[in-house]
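Chains as they are written, first to last, in the numbering used here: chain S, 1 to 99; chain R, 100 to 631; chain F, 632 to 1262; chain H, 1263 to 1812.
Derived by calculation from the structure, the hints in this document are not laboratory data. A virtual CB, placed ideally from N, CA and C, is assigned to each residue, including glycine. Check before you lean on any hint, since a few could be wrong.
When the alpha-carbon atoms are kept at most 25 Å apart in a straight line, the in silico DSS-like pairs for lysine-lysine are as follows [claimed, not checked]: (1) H:Lys1394 <-> H:Lys1469; (2) F:Lys1232 <-> S:Lys98; (3) R:Lys499 <-> F:Lys793; (4) R:Lys569 <-> R:Lys499; (5) F:Lys1232 <-> H:Lys1689; (6) H:Lys1469 <-> H:Lys1689; (7) F:Lys1002 <-> F:Lys1074; (8) F:Lys1074 <-> R:Lys569; (9) H:Lys1469 <-> H:Lys1349; (10) H:Lys1766 <-> H:Lys1689; (11) H:Lys1316 <-> H:Lys1689; (12) H:Lys1469 <-> S:Lys98; (13) S:Lys98 <-> H:Lys1689; (14) F:Lys1232 <-> H:Lys1469.
Output of the computed footprint for chain F on chain H, the stretches with three or more beta carbons under 8 Å from beta carbons of chain F [unchecked claim]: (15) 1482-1494; (16) 1531-1540; (17) 1610-1622.
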Amino acid sequence: MNPVNYLYLAALLFTIGAAGVLIRRNAIVVFMSVELMLNACNLSLVTFSRMHGNLDGQIVAFFTMVVAAAEVVVGLAIIVSLFRSRHSASVDDASLMKL
Amino acid sequence: MSFPLLTATAALPAVGAVAVAAVPAARRTAAKWLALLFSLGTLALAVTVLVRFEPGGARYQLTESHAWIADFGVRYELGVDGIGVTLLALTALLVPFVIAAGWHDADPSPDSGGEAPAETKHYRWRPTQGFFALILMVEAMVILSFEATDVFLFYILFEAMLIPMYFLIGGFGDRAHAQGEEAAATQRSYAAVKFLLYNLVGGLIMLAAVIGLYVVAGSFSLGEIAAARASGELEMATNTERLLFLGFFFAFAIKAPLWPLHTWLPNAMGEATAPVAVLITAVVDKVGTFAMLRFCLQLFPEASKWATPVIIVLSLISIVYGALLAVGQRDIKRLIAYASISHFGFIILGIFAMTSQGQSGATLYMVNHGISTAALMLVAGFLISRRGSRLIADYGGVQKVAPVLAGTFLVGGLATLSLPGLAPFVSEFLVLVGTFTRYPAAGIVATFGIVLAALYVLVLYQRTMTGPVKEEVRSMPDLRVRELAVVAPLIALLIFLGVYPKPVTEIVNPAVEHTMSDVQQQDPRPDVEAAK
Amino acid sequence: MDNLIALLIAAPLLGAALLLCGGRRLDGAGHWVATVLAFVSFLFGTVLFADMLGKAADDRTVQQQLFSWIPVEGFQADVAFQLDQLSMTFVLLITGVGSLIHLYSVGYMEHDERRRRFFGYLNLFLAAMLLLVLADNYLLLYVGWEGVGLASYLLIGFWQHKPSAATAAKKAFLVNRVGDMGLSIAVMLMFTTFGTFAFTPVLESTGETSEAMLTAIGLLLLLAACGKSAQVPLQSWLGDAMEGPTPVSALIHAATMVTAGVYLIVRSGAIFNAAPDAQLAVVVVGAVTLLFGAIIGCAKDDIKKALAGSTMSQIGYMVLAAGLGPIGYAFAIMHLVTHGFFKAGLFLGAGSVMHGMNDEVDMRKYGGLRKYLPITFVTFGLGYLAIIGVPPFSGFFSKDKIIEAAFAQEGARAWIFGGIALLGAGITAFYMTRVMLMTFFGKQRWQPDAEGEEPHPHEAPRTMTIPMILLAVGSVGAGAFFSIGDRFVNWLAPVTEFEHPHPVISVPVITASTIAVLLVGAALAYAMYGTRPVPVTAPRGSLLTRAARRDLLQDDFNHVVLVRGGEHLTRSLVYVDHTLVDGVVNGTAAGFGGLSGRLRKLQNGYARTYAVSMFGGAAVLIAATLLMRAV
Amino acid sequence: MSASAVHSLWTTAAQQPVDSIPAPHIEYSQLAPMLIVVGAAVLGVLVEVVVPRKARYHSQLFLSVTALAAAFAAVVGLAATGHGTTKVQIAAMGAIAVDGPALFLQGTILLASLAAVFTFAERRLDPRAHGKHVDSFVAQAGSVPGGEGEQAAVRAGFTTTEVYPLMLFAVTGMLVFPAANDLLTLFIALEVFSLPLYLLCALARRKRLMSQEAAVKYFLLGAFSSAFLLFGIALLYGYAGSVSYARIAEVVDGSVRAIDPALAQTMGNDALLLIGGAMLLMGLLFKVGAVPFHMWTPDVYQGAPTPVTGFMAAATKVAAFGALLRLLYVVLPGLNWDWRPVLWGVAIVTMLGGAIVAITQTDIKRLLAYSSIAHAGFILAGVIALTPDGISSVLFYLAAYSFVTIGAFAVVTLVRDAGGEATHLSKWAGLGRRSPLAAAVFAVFLLAFAGIPLTSGFAGKFAVFKAAAEGGAGALVVIGVIASAIAAFFYIRVIVLMFFSEPKPEGPTVAVPSPLTMTTIAVGVAVTLALGVAPQYFLDLAGQASGFVR
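Bound-form chain S, shown alone (with noise of 0.2 Å):
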């Protein structure tokens, strides 16, 4: 199957998360979505790296999932942190800073 496809799904990811970036209200949702983006940077680079038939981005994804996983652990604990402050997890609550 043409690998090109792969890179449309991963691009089709990308979207989708930066979409809910975008829209949605929930930090934990929102957080997800970027947790979406990076996966689909991890098909792309995998995809990549399999037409080039090296290893590199098979290596660069792995990071990718390590940094994923030390982003949720900052991510959530100041999300909680947040919410635990606020009673709640929206966003759109946390404007205090403006202008």
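Based on the hints, put chains R, F and H in the right spot on chain S.
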């Protein structure tokens, strides 16, 4: 390596500024005397420079040159020509008077006099020290800018001197303001900001031009650039030269100031204390006109010639417009400010008439205008400090109660309307003749300035000094010794230079000849000879 | 000997410096210092005069170069003097009359607390006036020119606490400035034309330039003269100038300063000779002013203003004569000198009258004073006879010569100007007779002054009477002395070349008609003021009278056109400066502020909005890069 | 399995089955700075575990200061031994470049962090809580703002000493970022310094809600942007078949030798390259805070604890610009004609946007945030120059700017009222009367920001504009000049406020700090004036350091 006289002349007041600033809060008087001392020392050094300077000698004398910022092609290069040395002397001469005249301007105000010391203790705020330190700082920068023969060095000073000036304008104002202290403060800071922004914008435009100059010429040294141009190895494309010229001229025209970039001056001079106003118009603004002679004409002769018609028209507008607005003012200091705008019009006219009479006249004019405005403005300041109002309408019949004050005020005024026998007449007439020989029409228009000058000066004098004595001025004391000591020498100088300007012209003429050759201009010959 | 020229000026200058800077210490003796110094310079003048008489007529001119004043490339202005017959005449007139008036002032100003300053100003005036007539170049002359203007300003406004005085002073200075403008432009024009503005080179090389240029210079000089000598259209200041103390009016606004214009024209004779059009203009101005002043003189009730009008008209005569060229120069100067005597005398007389009448100036409140002020009456009377030109008094000789010269032209001009000159003589007789009658004859019409104090007319102290007497002598004898054997003409001829006028009608006829005309005028005046009583309050009078009282509406014109117009102009300019010039700048600032405020709204605090902007930015970035490649 | 597969540090493990795994070759000495800092960071974590609470503050402070100092010493050593000029090389099997820019920027970052650590450690400003010194960080990050948990933590005198290891990790990432020589390292470094910063932002002692909000915004947007960056990496990798800078550069400018069919196929597709490049660019522009990727800046700067803000503002910019320079000068020089116009646009909108919006700001920290945006624009102008002068000018500007920034924010920490730092401008009225010294110092920094001569700001601005003009970007210079004119307006506004307006009776007081903050401020002023009056030495340094290793 001889003694760096020029550096010393600029360094002494700078050191003085630091020293004065360091004086503890309580020792106000000590700070004043220290400042006066340093300014006098600077004057002494300036006189030495004047003595060491040989009018007939090399174009730039007492030169110093040290590596500074190689990456920017910048050197610390100093040197004075006839014009620079004259203005240097003027600056060094005026500052002691400014300091002496402003003796009490920065004292904690009497109305809050009771807790003034307490306040200073609480805030560790030392206005007096600051005031005199800033004045000395300005002096240092102005002097150095007259000495700089490196464009970058000059630019840096041109910009940097705004800061102390800005604090002088915004930080210290006339006491007992008509609309109360609060309104006065807001007006002051408005004036200060206006002053700074105007000049900063000019400076930044100039910055672009300075960079452009470097890109084109690859050097900032006046000497090198001039040499390169002379030897033809530096060719400036016409448009480049014109753009660069405009960049420079714009900044100088704001500083000078030239119509329509003048509106900052009345605010600044109106709100600042009289001595500071003198500092602005008699010292700092001269840097602008000086720079036109030194940089615009030397670096961009072709472009200067190209721009001359427009500039002449603008300066004519300045002359008439400034005078007319002076007639229309209700505020003494603003009136003097507009008068200065008119005079700056004359100076710029003289510079760009491109005749030796015009340029010698312009240089002489800078000196004379400095002295005459100082005299008039300082006396006005003494007057205002007595009555606590700047409005002409609040005065009347002063000459009856304070004849000496009135007399000195009149002499200052007569100098401002350039009465023959007083210094300004010489320069004004030179400018007029110099202009007339090349642009008769312009000369005639400018002559109208004479009549208008008489109008605003005499109206001012009549409304404030003559007529029945107003109640508020009845108890007005006459000039005190300190004040007389400030004004008398200035007046003496005005008379001396009016009768015998030769010492100055001798120094200035060679420099002017150099400038004239820079712009490849000859004086137009008289018709009679031309006919032969 | 030559250094005397400098000392001539130095003496009064020293006096001025001493008195003005000396402070209270000199309050006591100051006036004597000044007077002595005035006489000293008169002494120097006479010495120089004697010296000059010793020389041959054609090399009496003395040049003295003091120092180089403004040395600039291609521009030489020196402080240098030229003493020739013309300037010598003026020196003697100025220092002579000047000293007498100093003496007179000692008495007149006795009770003024600012007397010291007054004498300082007087000395200053003497110095400036001498500089004016002694300068050897137009620029230095200009210095003196403005110097006398300053002195006149200070002296007119000497009683500054009177707003009217301050205004009059300001007006005088401003109007003069307009004239000065003409002079300075003329000097510039000379510089561009001849490359110099020293008398000798300029006047000798008039042949080398175009007539048009000379006409231009001539007209500018005429403008200057109009300002200084109160000729139409710049005459309006002279009447107001009477606000000054009477000695000032006598010295500055009658005898010397106002005649500087005539000096200028005569001095520049070479230029005018080569520019007929300019000459014609001069003649016209003179003729017009001659009538103008005379008419005003007829209408004024203020004795000094009446005399001022007369001064205007007499100077009109001189200017007219000066405009006639070589046939007139000498007579212009001659009339100038005689006028100096009798007009100064008249003014001093008027001063003495006022002195006796609690400073009352309205002639309608005089009357019958001849008994109380005998000396004044006599001296004034002699001056009167002189001015109306009764033979053999001095005025007769000088004025008659001018009238002859006026008739000595080709075509209609002769009749026009001759006629005007003749008519002027008649009017002069009329208004001077009027003054005479209203002041010294008729019933007493004295009124209590502002403090309700009845006037007690009394003869002035000797310091005042002596000058009056001496001047009276001058006004009696001078004319005859000058004219016998054409002394004066020959004396001046080397400087202002002279031609004998050839009137279109024979001289005796002119003389006869002159006398006839003046008799008519005098008779008319007697009929109007000598036979019937003079009302204390002025009758409304005819339209012409009312106009004449208002200086023929000249001031009203100035007020409406210049003052009002100027005020509107400046006020609107102030507005423009504030709203337009400043407004643009403030507007830009405000514009940025508004823009900032609007852009600020984008920062709405919502993370998702920020994300949108990032996303959009990325899209634009990508699009742009692709586009760059595409193009 | 082409050679390209083997060169990279990350892919050595992926070879054919062998009996022994060849260890990658690491030049430890060249990597010393980063290694020292990361080691210290790890140690710091251990300290949190083993050292009793009382001693943590001091030990952590000591640890991080020594580490940073040592790292800086190492950088100096490397530079002295010519690794920045003659012996430039690519270390760690192509992962890290050790060359002039890298060393210069690492040095700058280390010094800046050193200065920042002192402000982190300041404990004199806040009033003592229950007799214990407190710094500007929350007692216990987990506790609910205003809840019992927090009060208890305060009572117990807890302090979040974790900030030091966090900061050290961030510094590590920043050190690697400008030195990264392949895309993966770039990405890792980015995350390594971003994640700790997210956390640091959330740790303010006062105004915790704002602090947490700042953290969330920063985190979400940061993650969002790094996703773009990563996708860009993927595309570039797809285009060039490698993540190594050198390799990609070869492919981009077509000087690559062995071309296998796959590569040939992808090479043909410029879209990959351009889109990838653009996304990568966007990721970096986000970090430098260029319009339109700047919107996080004001909020985060305002919400974060001021010491962190200072650290971020200074160090992050340095690191990010370093990476940007390397990317543009080493990887994508073949694409000049594509990215230059784009950057032109970005620079212009950044300069103007930052300056204009700043005019109407009312909070000093937000004001400085916008000013930092404007400055990013100025620096971009230098980046565009594309000449060695351009590089050196940017390096100089970054050095100058970072010290001014840290100093300025340090002063901001001093101005306090009951509610902690008084950052609203209205409260700064008349500060010059109350404490002339502090006001004067801050004025110096403002003037430097405004680029007034005799301050480092002017020297930097001049250098950058000069480079841009020589690089043929005259128009950019003119716009930059206009922007600085606009910018001058609001810096001056603050000065007017401080000196010319009457002090408010209930106005804030200026706390007297401990020697720590004083040092920071003093250093800031000293560097500002030194670089302003006699910049030659540092310009030389930057000039020598302006050569990228390829």
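State whether the coverage of the segment 1531-1540 of chain H by chain F holds or is violated, taking the criterion as 3 or more residues with Cβ-Cβ distances under 8 Å.
Coverage by chain F holds for the segment 1531-1540 of chain H (6 residues, Cβ < 8 Å).
Holds or violated: Lys1232 (chain F) and Lys1689 (chain H), Cα atoms, limit 25 Å.
Holds, at roughly 23 Å.
With a cut-off of 25 Å on the C-alpha distance, tell me whether Lys1316 (chain H) and Lys1689 (chain H) pass.
Distance of about 36 Å is beyond 25 Å: violated.
Check the hint pairing Lys1469 (chain H) with Lys98 (chain S) against an upper bound of 25 Å on the C-alpha distance.
Holds, at roughly 15 Å.
Given the hint that Lys1766 (chain H) pairs with Lys1689 (chain H), test it: the Cα-Cα distance must not exceed 25 Å.
7 Å, holds
Holds or violated: Lys1394 (chain H) with Lys1469 (chain H), Cα cutoff 25 Å?
20 Å, holds
So if I understand the rule, the pair passes when the alpha-carbon distance is 25 Å or less; does Lys1232 (chain F) with Lys98 (chain S) pass?
8 Å, holds
Mind checking the alpha carbons of Lys1074 (chain F) and Lys569 (chain R) for me, to see if they're no more than 25 Å apart?
43 Å, violated
If you count the residues of the segment 1610-1622 of chain H with a beta-carbon closer than 8 Å to a beta-carbon of chain F, do you get 3 or more?
With 6 residues closer than 8 Å to chain F, the segment 1610-1622 of chain H meets the three-residue bar; holds.
Hint consistency between Lys1469 (chain H) and Lys1349 (chain H) [alpha-carbon to alpha-carbon, up to 25 Å]
Not satisfied, since the Cα-Cα distance of roughly 50 Å exceeds 25 Å.
Taking 8 Å as the C-beta cutoff, is the stated coverage of the segment 1482-1494 of chain H by chain F satisfied by three or more residues?
Coverage by chain F holds for the segment 1482-1494 of chain H (5 residues, Cβ < 8 Å).
Hint consistency between Lys569 (chain R) and Lys499 (chain R) [alpha-carbon to alpha-carbon, up to 25 Å]
10 Å, holds
In the structure shown, a violation is registered for the earlier hints numbered 8, 9 and 11, in ascending order.
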